[in-house]
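Protein chains in written order, with the working numbering: chain A, 32 to 205; chain B, 4 to 195.
One should not assume that every hint holds.
[Stated by the list, open to error] Here are the simulated BS3-like pairs of lysine-lysine, each with C-alpha atoms no more than 30 Å apart in a straight line:
1) Lys136/B - Lys157/A
2) Lys48/B - Lys64/A
3) Lys101/A - Lys48/B
4) Lys61/A - Lys136/B
5) Lys101/A - Lys114/B
None of these hints come from the bench; they were simulated from the model.
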Amino acid sequence: MTDTYDLSTDIVDRIAGLTPGSLTYATRHKRDKVASATQRSYEALFDPALPDLSLTDRLLVALYACTLSKAPALATHYAERLASIDADRAVIDQIAQGLIDVQEPRLRAMLTFTRTLIEAPIDGDKTALELLPAAGIPTPAVVALAQLIAFLSYQIRLTAGLRALQVLNATEAA
Amino acid sequence: MSRVIEAHGFTNRVLGWDAWLDVVELADASPEQITVLEESHPKAKESDYYLFLVHQPEILRQRSTAFNAIMYAPGGLPRAERELASTVVSRVNGCVYCASVHAQRFEQLAKRDDVIEQVFNDPATAGTSPREKAIVLASIDLTLTPGQVEPAQLRALRDVGLSDDEILDLIHSIAIFAWANRLMLNLGEPVG
């Protein structure tokens, strides 16, 4: 494994508004091992080849998680990715408005699990988890889904914190 | 010998953790899965948590790399303060298992447990110094309301002496426990 990655495609830098040459960008990339593992986590979680959990479903989960968390820049990012793979526009719009009850049962089970983990992780219990295998999702895909939602919770806070630091530095430099 | 602290269902005792669905049996693990377990944690092969997550080895590999770099890298925010932030986030999210582990790590690093007792009792007022109180408040705010984080909240950290490098480490420590707590809370439960 190498610790170099393509900085120009770093999703956290882009969403947080960090540009090369800025103070906050330089600060973040002193911890480049974290930055590269964050980017590689994103790439692994949205790997089109991951079985039993379509890329469309994963991007819909991401859109829903970011919408619930009031992370509009990330929500827009995931909506754009969905549009770029020609996902159903009506479904994208419904989920961006928080309408999950109208979705088909397997997707609805994933989105219900997403809402629990995002809004009230303490409320998740064995029964909530078992609804996923009951909806036809095998264990490795359950792991991928849980990691995806948990990663999104991290990505949302990381980008919010970095953006605030970037604004603070830009304000003080002005 | 450290003192046992118990409050509101939280504890600094050592706990175990059981997965709710089928874990990977070591005998059935692929060479890649074994490698990722060995990279992740010294005791990963005996842990339901890692044996469950290793159903997806590449995802676990990247998570472990990020986690270990955030919590153990030298320099920046003192490691005890990273553990304090992790304990606060775990307390706020209700993750008894993570709170126990990271309370113990704080105590090992800081050689005291006063602030842990405060965090277990009432995180909103915890902190034995202005610096600790600012770290605790930032941990609560970024955990509960990530959509409302303002530059002024980070200025409060600077006002008590944190550098930008330390603020970055704090943001990382808070954010990685948004990740860790959700796995621990929703894939299994603490035992013991």
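So which of the earlier hints does this model not fit? 1, 3 and 5
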